[in-house]
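*Asks:* For this one, chain A is given, so just place chains B, C and D on it according to the hints.
Protein chains in written order, with this note's numbering: chain A, 1 to 661; chain B, 1 to 318; chain C, 1 to 358; chain D, 1 to 259.
Honestly, the hints are just simulated from the structure, not real lab data. Glycine included, every Cβ here is placed at the ideal spot set by N, Cα and C. Incorrect hints may have been included.
[As the list claims (entries may be wrong)] Derived PhoX-like pairs: lysine-lysine, alpha-carbon spacing no greater than 25 angstroms straight-line:
1) C/K129 x D/K151
2) A/K310 x C/K350
3) C/K348 x D/K151
4) A/K312 x C/K129
5) D/K111 x D/K76
6) A/K19 x A/K172
[Stated by the list, open to error] Here are some chain C residues the structure puts well away from chain A; computed CB gaps all over 12 angstroms:
7) S12
8) I19
9) I27
10) G28
11) L112
12) V149
13) E262
14) I266
15) A317
16) L328
17) H338
18) L343
19) L351
[Stated by the list, open to error] Using C-beta positions, here's what the derived DEER-type ranges look like:
20) D/H148 x C/I104: 32 to 40 angstroms
21) A/D154 x D/G160: 20 to 28 angstroms
22) A/R26 x D/G207: 45 to 53 angstroms
23) C/A14 x A/Q275: 19 to 27 angstroms
24) A/V334 x D/E139: 39 to 47 angstroms
25) B/G287 x C/P166: 51 to 59 angstroms
26) D/G160 x A/T596: 56 to 64 angstroms
27) C/V335 x D/D26: 54 to 62 angstroms
28) C/I312 x B/G287: 35 to 43 angstroms
29) D/H148 x B/G51: 55 to 63 angstroms
So you can see what is in the structure, the chains are spelled out below.
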Amino acid sequence: MADSRQDSGRSAVEDTFPKLLRMHARVRADRPAFRHKDRGIWQTWTWREVYDNVRAIALGLHKLGVAEGDKVAIVGANRPLLYWSLCAAQMLRATPVPVYADAVADELVHVLANADVKVAAAQDQEQVDKLLSIADRLPTLEHIVYDEDRGLRDYVQPNLSALDDIIEASAKALHSEASLGRSLDELIDAGRADDASIMLYTSGTTGRSKGVVLSAGRSVQAARDTVAFDGLTDRDEQLAYLPLAWVGDHYLNYAQALVAGSCVACPENADTVAQDLREIGPSFYFAPPRVFEAQLTRIMIRMEDASGLKRKMFDHFIGVARKWGEKILNGESVPVLSRLHYALGEFLVYGPLKNVLGYSNIRAAYTAGEAIGGELFSFYRSLGLNLKQLYGQTEAFLYVTAHANGAVRSDTVGPPAPNVDIRIADDGEVQFKSPGQFVAYYKEPEKTAETLTPDGYVKTGDAGFFDADGQLRILDRAKDVGKLKDGTIFAPKYIENKLKFFPNIKEAVAFGDACDFVTVMLNIELTAVGNWAERNNISYASYQELAGHRQVYEMIARHVDEVNASLAQEPRMAGAQIARFLILPKELDADDGELTRTQKVRRGFIAERYEPLVKGLYDGSKIADISTEVTFEDGRKGTISGRVAIVDLTRHGASQGSKAA
Amino acid sequence: MGLLYQIFIDPFMQMGQAPDLLVQTLWEGLVGGVLYALIALGFVLIFKASGVFNFAQGIMMVFAALTLVGLYEKGVPAPLALLLAIGVMYLLALGVERVVLRPLVNQPDIMLFMATFGLTYILIGAGQLVFGGDPKEMPVTALGLPKGAIDLKILGGLVSLQKIDIAAAIIASIMVAGLAVFFQKTRIGRALRAVADDHQAALSVGISLNQIWVIVWFTAGIVALATGIMWGARSDVSFALQVISLKALPVLILGGFTSVPGAIVGGLIIGIGEKLGEFYWGPLVGGGIESWLAYAIALAFLLFKPEGLFGEKIIERI
Amino acid sequence: MFYREVGQFKTSYAADQAIFPIRQDRIGLALILAVAFIGIPLIGGEFMIASVMIPFLVLALAAIGLNILIGYTGLISLGTGAFMGVGAYACYKLSTLFPQVNIIVWIISSGLVSCAVGVLFGLPSLRIKGFYLAIATLAAQFFLQWCFVRVGWLYNNNPSGAIEVPLHTLFGIPITGATAKPLTRYYVVLTIVVVMTWFASNLVHGRIGRNWMAVRDMDIAAQLMGIRLLPAKLLAFAVSSFYAGVAGALMVFLWLGAAEPEAFNINESFVLLFMVIIGGLGSLIGSFLGAALIHILPIIVRTTPGALGLSIGSATAEHLTYIITGGLILFFLIVEPHGLARLWQIAKQKLRVWPFPY
Amino acid sequence: MSGADDILLKVDNVSLSFGGVRAITDVSFDIRKGEIRAIIGPNGAGKTSMLNVINGFYHPQNGSISFHGQTRARMKPYEAASQGIARTFQNVALFKGMSTLDNILAGRALKMKSSFFWQMFRHGPALAEEIEHRKFCEEIIDFLEIEHIRKAPVGTLPYGLQKRVELGRALAMEPTLLLLDEPMAGMNLEEKQDMSRFIIDVNQHFGTTIALIEHDIGVVMDLSDRIVVLEYGHKIADGNPEEVKSDQKVIDAYLGVAH
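Chain A on its own, in the form it takes in the complex (with noise of 0.2 angstroms):
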């Protein structure tokens, strides 16, 4: 930490990566820089290495002709070459747009020909042809480098080669003409913080993905401030998994690990990730929640086939840290014999288990993008592992808000980042104004101007409130956000995420926009209520005989239920409880146009298609009709009719969480 502290101090003049990555070749020219496991082992290169090969890789750009204000793109999985092609680019002041790798044609081309990309870094052989096969419908592309050659060694276009190669050539010539080097030295010197430093195409949820512009100067602040947030130093080690093109891995494995100079380290290939993660057992780590959720189911299922003897154990042992884990980890007091009993249990369960799953060394691991269930995130840190949730976006360069070590918690997303100016609008949207925050969107002023505020906040089209010590809560979509009737706000998406945490319900539509009350329909999950049912032997014939089950809608109700308190406990959405619900005879589905395929619920479409069941929902009725076409496994269309239930709850009373039947 202190040492870090230093660096960002002495090295303040560093404004553009360029910069810094000549600053860590002289200052710790030694340390790993970035590592690969490739044939077997893990290839690393030191600062100095990673910088005469980005100076070489740049010479060769520059050679095809990428200049100041060019654009390249970087296609492909996580690679030394790709990241240090990435960083020649901006050597040479041009602007570096990577891709997602797995990125089908057209996509490739809305992102290549919306950006002139002149020139592009491909991965290997996949990625070259499609490139190759798109080349036509992109006038501006002028030539092909590569990284891996496998099956690439007897291509023969004429505007396609090896980085390898270009490395090769290149470090011959800067050996030779020492003006080579001077006339680069003098192009990085020239970099100016309000170059464009990188652009980076926002997944296209909400229409086509547009290019988020963001500039050298406020990357390198941002990341500046969370590196010093975090304490992170060149003695940290990370494993760059994550998409290149996605902003959490160029902010991660490239602006942070440039500024801290910590060694970043690519995986062999995405199959081997969980493996490779054990070996580099990395100190700083992230992923969405849905990693930590299926890994955890991994957890179980593999326990489950542990001896009796061993299992009784681990489960003991779990629950001391679900006991007193975060508690510990938060620093609060916790009595000696507990702390002996964690201890004992860090030994036989907690340390091998952290071990197994490569996480032994993480000082700082983070989560975001997703609500992650309360269950899921306390079981983490109840083993000790420092997992944290951040907010944040491409706009702002990733963090807006972050959860500071020792003030965690499941429900909120933590405090703003350093330096980082929030505030909530009338419309409850969360706008905010961050170091690292966005340009413009390439060419599309006009949305730009949608995004910024006049007095220059970003509008995050989130709606959130800060809750009462000052950590922030996100809600959902600031347009999906509605008022009932009485003027309570209606957050569905909230609402839904609370349901969807218990594992037997699979997916919820909540309505009540402009209604008088919240109700909400429900899928249940059918392995896991399966399971239920079985051990309960209460037989089924089909989902919708098991949906309909009067013990399912009991059991059903009793979590509904516990929603509404958790939901009583907070002030401004006691109002929102749940007053009625049903379970959908059939599993929402994207063939159905149900869900995105994201598998985001559609909630318009469903109101439509369900039209009885949401005017059931809401004219009393014990029971509903519907009738609705669906599409089974093999594709075939049919239509399934049923009579659903429909349940009433009682309230919980907004201060006290008293529980009514």
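*Replies:* Below, chains B, C and D alone, put in the same frame as chain A:
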């Protein structure tokens, strides 16, 4: 030069000079060979039927004999002791099938080979634990076997044949004949032969593999018992015989693991060979070469005819 | 659960190819060595050192030799005892012919003698395989045994027919003969065994070991890889009998002090075979575990009844040992054909993935 | 086209029999440098025997084989290996007790020379050699995309992967002639496609000449430049896929009957 003479000329001159001695030697070699052959026979039975290289065959012989003698010494009348001994061999067969063969079925041969080592040790231990380790005398007369010797005046010399040896030879021949009949004529016998070829075939005959194994091991046990009695009658019964029993192995190399006639011919070759060697060539090197001559012969054989006298040539396919 | 492998990543092939790539294993090895060199001499009494440790080490060394042959190259040998004998007698002859030369030199060279004999008897292994080869090695066993008895020159025509070890010193300290202290002998044996084990492990982990295993697993394919069977097999025989020879020399010179031909009879060969089977074919650790079990077992059988108050004759104890040994062999073949070594591996694996079962 | 210089291997009137059984009768054909040559035929047509003759495992009673223009009468398998003939097997013949990596390293046996002495110490030349060849094998592992099973004991691998490892082991020998005995037997479609890709890559990038036995006619027709058809040990056709496809004898003998 002198050495060459001693090796290649002198012995044969001796033979010529004293044919009676030669005959005597041949006879003893023959009898020894017959007994080797019997041990090898039991071995071949098992190998054919269960593909097990039964290292314990020799020990089974000693164990059987020891049981017989041991019981007799404990006051059990000889005939009854004999029956009991047979019974024990049956139990042994059952045990082996249960404890060794069944769990190890489909394991590589080497495993089963090693397993018979374990069996060997258990038998040695058990035998001594029950009946004591000290050498015992075979109640020849009580078993109704002849004693004494017949002296033949032939070739201007005297050749004395131990009656017991004659008996041994006869019993051995009977046994071999019996087995031959058993294999050729009886249903089980045919089944056994089938097993040798492939296990499925055996099942088709309507006998479970396990039964067959028990039968085979039991048969081998009886052979072992007979052999044991013979050996016991010639020398004392003790686990020192174990070393003699190992002589069955070179016999097998000569005869091949799967051939009954091979076992017999091999036995005779080894028996006679080592006696002649010991008697006529042994003195050159200080005697006692019996202990290894058999193996040397076998080894020499291996190098020139690895598949043995009657074993079929193996073509390696890949 | 003691394994904490996070962050133990390899940045060079040298590190990745290391025989003990995991730090915890290296630590464990260091501990074992520490115990052997410091702990046992401190706590172990006369009996412990002279009658447990020295024999154990000697037998383990012989077992390693045999394991190289059977476990790594797949050649069965029933003649190990005899090859130990060759080592012993060679060492006796050499050291009595040239008493002035340091005994350690002779111990090593006697290994070479046995090595030569081993190659000689290994020659048939080209033509013959499996059981046939096993029997062929019996020829070696009995022939050599016969030599030990009949060739008076080997034991300097000592009327007793036995060989007695004269006094030899190392740096002025007696290490063989009556006056040699157990502890000194222990250190000599231990050092030799450790060094030779290290060599063995290097061999089996390198090119040579791979060729051996290739021959063992699929000799046809091995040939088509360009591996010549005869040299590979003969090398295995050579190394194997070298180890046996040295072990034999150690056995007589630093353990028993004197020996008769009987010491190297067929049973010795069998016992070693069992050590290798029970310990685990194709595993050096297994050789040690097997040696420990088979050697210490009789001691336990002999001592426990006394401890339990009931007295059994040494004969009975011996017989029991036979039965138990035999039983163990069956048990391992049936339950865990890969022997103690595999159990060890499984345990290790469990610890590595702890708390998960796999 | 077929100048003597571009002939890599020539089989002249080879006959082979076991005891009385005739496996191959008077078969002749050649393999040109850099081509993919297929040998097809019904089961028991003597295809595998032919490979075994080529790499010296069987010795033909009469006929001769010339490799690199030099004719040889009898030759030991390891000699064939050292001349650059590698081989995979119909039913995988891997070294079951060893890891994927060790299996492939074993393929380098001929190339590794460090002395016994250094092997004992696993230092100096021995270690250097070990590492150098590890590098080479890693290239193969990367080429065959089997990184994830590098350290796994081959015995535990699924069949398809085992076949791939075996190919890797053969490639480790850097052969000039690679004999593949039913490289795709028992594979599913996807595995077959992968394997075909690898075979073509090997042939193109390393310029390795390949002779392969395969039952999947589709694959054979796609892969091979020329095809020999055997039946009951006799050669009944020889030529490029088109010729063979249209050959009446072949149709009757082979393509006619379903396989």
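*Asks:* Given a hinted range of 45 to 53 angstroms, is it respected by the beta-carbon distance of A/R26 and D/G207?
*Replies:* Holds, at about 47 angstroms.
*Asks:* Holds or violated: 54 to 62 angstroms for the Cβ distance of C/V335 and D/D26?
*Replies:* 56 angstroms, holds
*Asks:* Could you let me know if the closest chain A CB is still more than 12 angstroms away from the CB of C/G28?
*Replies:* 17 angstroms, holds
*Asks:* Please check whether the beta-carbon of C/I266 is more than 12 angstroms away from every beta-carbon in chain A.
*Replies:* Its Cβ never comes within 12 angstroms of chain A, the nearest being 44 angstroms, so this holds.
*Asks:* Would the pair D/K111 and D/K76 pass a check requiring their Cα atoms to be no farther apart than 25 angstroms?
*Replies:* 18 angstroms, holds
*Asks:* Grab the minimum beta-carbon distance between C/L351 and chain A and tell me whether it stays above 12 angstroms.
*Replies:* 9 angstroms, violated
*Asks:* How does the Cβ-Cβ distance of C/A14 and A/Q275 compare with 19 to 27 angstroms: does it lie in that range?
*Replies:* 21 angstroms, holds
*Asks:* Going straight from one Cα to the other, do A/K312 and C/K129 come out at no more than 25 angstroms?
*Replies:* Between A/K312 and C/K129 the Cα gap is close to 52 angstroms, so the pair fails against 25 angstroms, i.e. violated.
*Asks:* Evaluate the condition: distance from the CB of C/I19 to the nearest CB of chain A exceeds 12 angstroms.
*Replies:* 16 angstroms, holds
*Asks:* Run the C-beta distances from C/V149 to all of chain A and say if the shortest one exceeds 12 angstroms.
*Replies:* 56 angstroms, holds
*Asks:* Measure nothing beyond the straight line between the CA atoms of C/K129 and D/K151; if it is 25 angstroms or shorter, mark the hint as holding.
*Replies:* It is violated: about 30 angstroms lies between the C-alpha atoms, which goes past 25 angstroms.
*Asks:* Non-interface claim for C/L112: all C-beta distances to chain A beyond 12 angstroms?
*Replies:* C/L112 clear of chain A: closest Cβ-Cβ about 39 angstroms, beyond 12 angstroms.
Taken one by one, the earlier hints fail for this structure at numbers 1, 4, 7, 19, 20, 24, 25, 26 and 29, listed in ascending order.
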